[in-house]
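Chains A and B, in that order, are what the protein sequence lines are. Sequence positions in the first sequence follow the numbering used here and run 1 to 478. Sequence positions in the second sequence follow the numbering used here and run 1 to 478.
This list has only true hints and no planted wrong ones.
Intra- or inter-copy, both count: the list cannot distinguish identical chains.
Straight-line distance between alpha carbons at most 25 Å, and here's what the computed SDA-like set of lysine to any residue pairs gives:
| # | residue 1 | residue 2 |
| --- | --- | --- |
| 1 | Lys344 | Gly31 |
| 2 | Lys305 | His284 |
| 3 | Lys305 | Trp268 |
| 4 | Lys240 | Ala471 |
| 5 | Lys305 | Ser285 |
| 6 | Lys344 | Ala255 |
| 7 | Lys25 | Gly350 |
| 8 | Lys413 | Ala440 |
| 9 | Lys305 | Met417 |
| 10 | Lys38 | Leu401 |
Calculated from the structure, these hints are not laboratory results.
2 protein chains.
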Amino acid sequence: MMAAGRNDLERFFDPKSVAIVGVSKGAFRFGGMSFLRKLQEAAFPGRLYPINPRAAELGGLRAYPDLSSLPEVPDLVIVCVAARMVPGVLEECARLGIRHIHVLTAGFRETATEEGRELEARIRSIAREKGLLVIGPNCMGPYSPSARLTSWGAIPGESGPLGIVSQSGAITQRLTEYALSLGIGTAKAVSFGNAAVLDECDFLELMAADPKIEVIAMYLESVQDGRRFFHLAKQVNRTKPIVIWKGGETEVGAATAASHTGAMSSEWRIWEALFRQTGTTPVHSMDEWADAILALARLPAPNGKGVFVMGGGGGNSVAHGDACIREGLDVPRPSPPTMESLRKSVPMAGSIAGNPLDMSRVFQDAAYLGEVLDLVYQDPAIDMVIIDRLIPRKIYHLPDLPDPTPETIRELKSKAMPKPTVFSVDSGGGDPDLAERGAALRAQLCAAGIPAYPATRRAARALARLHRYHAFRRARGA
Amino acid sequence: MMAAGRNDLERFFDPKSVAIVGVSKGAFRFGGMSFLRKLQEAAFPGRLYPINPRAAELGGLRAYPDLSSLPEVPDLVIVCVAARMVPGVLEECARLGIRHIHVLTAGFRETATEEGRELEARIRSIAREKGLLVIGPNCMGPYSPSARLTSWGAIPGESGPLGIVSQSGAITQRLTEYALSLGIGTAKAVSFGNAAVLDECDFLELMAADPKIEVIAMYLESVQDGRRFFHLAKQVNRTKPIVIWKGGETEVGAATAASHTGAMSSEWRIWEALFRQTGTTPVHSMDEWADAILALARLPAPNGKGVFVMGGGGGNSVAHGDACIREGLDVPRPSPPTMESLRKSVPMAGSIAGNPLDMSRVFQDAAYLGEVLDLVYQDPAIDMVIIDRLIPRKIYHLPDLPDPTPETIRELKSKAMPKPTVFSVDSGGGDPDLAERGAALRAQLCAAGIPAYPATRRAARALARLHRYHAFRRARGA
Numbered sequence: 001m002m003a004a005g006r007n008d009l010e011r012f013f014d015p016k017s018v019a020i021v022g023v024s025k026g027a028f029r030f031g032g033m034s035f036l037r038k039l040q041e042a043a044f045p046g047r048l049y050p051i052n053p054r055a056a057e058l059g060g061l062r063a064y065p066d067l068s069s070l071p072e073v074p075d076l077v078i079v080c081v082a083a084r085m086v087p088g089v090l091e092e093c094a095r096l097g098i099r100h101i102h103v104l105t106a107g108f109r110e111t112a113t114e115e116g117r118e119l120e121a122r123i124r125s126i127a128r129e130k131g132l133l134v135i136g137p138n139c140m141g142p143y144s145p146s147a148r149l150t151s152w153g154a155i156p157g158e159s160g161p162l163g164i165v166s167q168s169g170a171i172t173q174r175l176t177e178y179a180l181s182l183g184i185g186t187a188k189a190v191s192f193g194n195a196a197v198l199d200e201c202d203f204l205e206l207m208a209a210d211p212k213i214e215v216i217a218m219y220l221e222s223v224q225d226g227r228r229f230f231h232l233a234k235q236v237n238r239t240k241p242i243v244i245w246k247g248g249e250t251e252v253g254a255a256t257a258a259s260h261t262g263a264m265s266s267e268w269r270i271w272e273a274l275f276r277q278t279g280t281t282p283v284h285s286m287d288e289w290a291d292a293i294l295a296l297a298r299l300p301a302p303n304g305k306g307v308f309v310m311g312g313g314g315g316n317s318v319a320h321g322d323a324c325i326r327e328g329l330d331v332p333r334p335s336p337p338t339m340e341s342l343r344k345s346v347p348m349a350g351s352i353a354g355n356p357l358d359m360s361r362v363f364q365d366a367a368y369l370g371e372v373l374d375l376v377y378q379d380p381a382i383d384m385v386i387i388d389r390l391i392p393r394k395i396y397h398l399p400d401l402p403d404p405t406p407e408t409i410r411e412l413k414s415k416a417m418p419k420p421t422v423f424s425v426d427s428g429g430g431d432p433d434l435a436e437r438g439a440a441l442r443a444q445l446c447a448a449g450i451p452a453y454p455a456t457r458r459a460a461r462a463l464a465r466l467h468r469y470h471a472f473r474r475a476r477g478a
Numbered sequence: 001m002m003a004a005g006r007n008d009l010e011r012f013f014d015p016k017s018v019a020i021v022g023v024s025k026g027a028f029r030f031g032g033m034s035f036l037r038k039l040q041e042a043a044f045p046g047r048l049y050p051i052n053p054r055a056a057e058l059g060g061l062r063a064y065p066d067l068s069s070l071p072e073v074p075d076l077v078i079v080c081v082a083a084r085m086v087p088g089v090l091e092e093c094a095r096l097g098i099r100h101i102h103v104l105t106a107g108f109r110e111t112a113t114e115e116g117r118e119l120e121a122r123i124r125s126i127a128r129e130k131g132l133l134v135i136g137p138n139c140m141g142p143y144s145p146s147a148r149l150t151s152w153g154a155i156p157g158e159s160g161p162l163g164i165v166s167q168s169g170a171i172t173q174r175l176t177e178y179a180l181s182l183g184i185g186t187a188k189a190v191s192f193g194n195a196a197v198l199d200e201c202d203f204l205e206l207m208a209a210d211p212k213i214e215v216i217a218m219y220l221e222s223v224q225d226g227r228r229f230f231h232l233a234k235q236v237n238r239t240k241p242i243v244i245w246k247g248g249e250t251e252v253g254a255a256t257a258a259s260h261t262g263a264m265s266s267e268w269r270i271w272e273a274l275f276r277q278t279g280t281t282p283v284h285s286m287d288e289w290a291d292a293i294l295a296l297a298r299l300p301a302p303n304g305k306g307v308f309v310m311g312g313g314g315g316n317s318v319a320h321g322d323a324c325i326r327e328g329l330d331v332p333r334p335s336p337p338t339m340e341s342l343r344k345s346v347p348m349a350g351s352i353a354g355n356p357l358d359m360s361r362v363f364q365d366a367a368y369l370g371e372v373l374d375l376v377y378q379d380p381a382i383d384m385v386i387i388d389r390l391i392p393r394k395i396y397h398l399p400d401l402p403d404p405t406p407e408t409i410r411e412l413k414s415k416a417m418p419k420p421t422v423f424s425v426d427s428g429g430g431d432p433d434l435a436e437r438g439a440a441l442r443a444q445l446c447a448a449g450i451p452a453y454p455a456t457r458r459a460a461r462a463l464a465r466l467h468r469y470h471a472f473r474r475a476r477g478a
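With the rest of the complex left out, here is chain A:
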């Protein structure tokens, strides 16, 4: 877009006063009313101005008939009126000196109607002419837990190392929740919809400059300026990994994207070239996105792609080896001194000394796990570690034993984990009890800063991406 400086955009994420144009009276419904209510629930500390010419009070606050009647010039205006009324509101903003505007309203280019396209063109030309900063239309706008600007009804967000730039509100919302459940807060997120004015590059620059943000997640259906995006992504990715979910990568997805944000999704092979040349990380689903972010936010750079896998069960060990290789990792034979030490502690029958290590004792005996980790952290053949942590259940014929997790976490923390070390916790079954216990165990490990995945395959894929990112960076001398 136009020359919007980063400082210009910061105010979207820390407004002291917010006006919501178009808060309806009567029964609850999505729109201005839900935004007002959610900001109140989140105890937004700034001033809130609901606007409706036919109301005196809304949500316990004084209502105003229009922006001109407000006692101050608000830092942010959220526009929720019908599409055909949006240009008028923008003109009113321009007259009053309001520059920061988020347009929630849908019904523009994405409808593929002449009326919708024309309305969007008017938004763009008003913004250009008057120097307005507009997020949207057709989007959920900015999200900023540190400013308690969590108008999406999110889990009351904790700030953290993640920045999100997205063309989908629901997907952004879900990622903030998902990442937080893995112990990773979101410093800033923006859902920017049709990108009529401000676009992905504007927000990418903003996230790149924010010292709190360490990993940037993007959900894109389209890019407004491919050349600018290519160069910017390449440059930013050198210091902050960018994980990109490109929606509309197939023909059907692309057609749906056109109906969603009016986006023209370009061909997938162009995107593949972009991922290859910029070193940015492509993902294809919410799970892959969260998995990669977790690894990139928490783990040190691996020296190579040799992974050591430990867990229990012969069949499981076979499957772990297959999964790692399929994801592009190596599962190297440990060095002779490591093998010698392992053989001493692993019984001949019913377990397997090697890589993968089939030795269920690592689940219950934190000190033993620590001994094995000492071996593999010193072994030059090994670059990363996956510990497959089965959830103790009746099946294992075990007597009741104390929960080994707190001691396991202490043991791992005491090693400082110089090589990327993650857990996998098999809990994908439909069994609600197992799903809950598995999620709780994952959360416990993640909260301690140790990434935990719900399947070995997913752990392996995330580590493969971690390795790819750092190998690219090293090769470019970054």
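With chain A's structure known, arrange chain B on it following the hints.
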């Protein structure tokens, strides 16, 4: 193996008396003692004979010094003594006319030692000479809920349409649990380890002949007789789908498999040819296995691969379309009469009429869902249906509404679902509350006979496999 008839093998799964050779005294540990205890916990209705020459009583039962001292010839002997003592036990069995023997003991070919290989060769030659039917060694043996033979400490199994033939005990156990959580019981399972005597073909024939079994799951690290397996699998798969997880498909997996069951995993391309030519269904993980079984056990044959997807959220709809195409399905444009009817009920802004259908009203309004289903069930362009059911949360700004699931289930049941119809329930995040509610919702739908998957991608992959299976069968005129 030798000519073991199906009737010969049935007794393994319905024994009236079981002797366990090698039940230790003292502290609880895995082996004969855990098998005895689990059979008692499961209220095994037959007679149980623990054997230990140095005990008078074990687990509240009279103990016997050896098989020869028993008051009857037991239907099944479970051998849990050290590897070097196993040949002697087999010879005692032969003398007493006992033919059905399961050898739990490990320490044979899989150790890659000369001693282990020789011991396994002796087991094989004794069995051949004396006509013994031996499962194992190095395995968990038979599992049969209808006979209360659930000595693995399983969830007290319910019988159902699944049969499992597997070289891994832990993986088999996990699948019985997993499938049951999806509403699918297991009629028979067998973990057969090193396959020294009875092998995958013997058990596949048994499962094929069991009228209760409708879908057969196999976990294989090796095949003893490739030619026999190829022809048998091709024939059985014509009437009962066989879903095969081949462990050791990569070089590392294969090396681990050798240490696990002494298997020589053959090259992956041979397996690919087998899957292609037999029409059997290959999977690569526990989740894929359970997902495919759920579809094959519950859904009718689709006419083609055109899927209709409905759910809420524009970004979600883009992702759903991408996921289905990536899994090899089509996402066709509905026929004109369907589109016309959809347009009438879908608002222009904020929703998308089409395929995918972005219309969150289907979550809450069962009657409306029913109307949409009537349209797509009559539409010749549509062969299958995925309903993406978001779990209501704060994010959706919804007021508290009654749980629509019971009415939704009634509505779907009333339609008799003539085309394969499944749900996806996004609950993959680490959030324990969401994981539990998602699993509970999946379980509720699955218990009603409606397959529900934890992600659209997984639903799409399972439907692609369902289509592939039936297309193969139709092409062969089966």
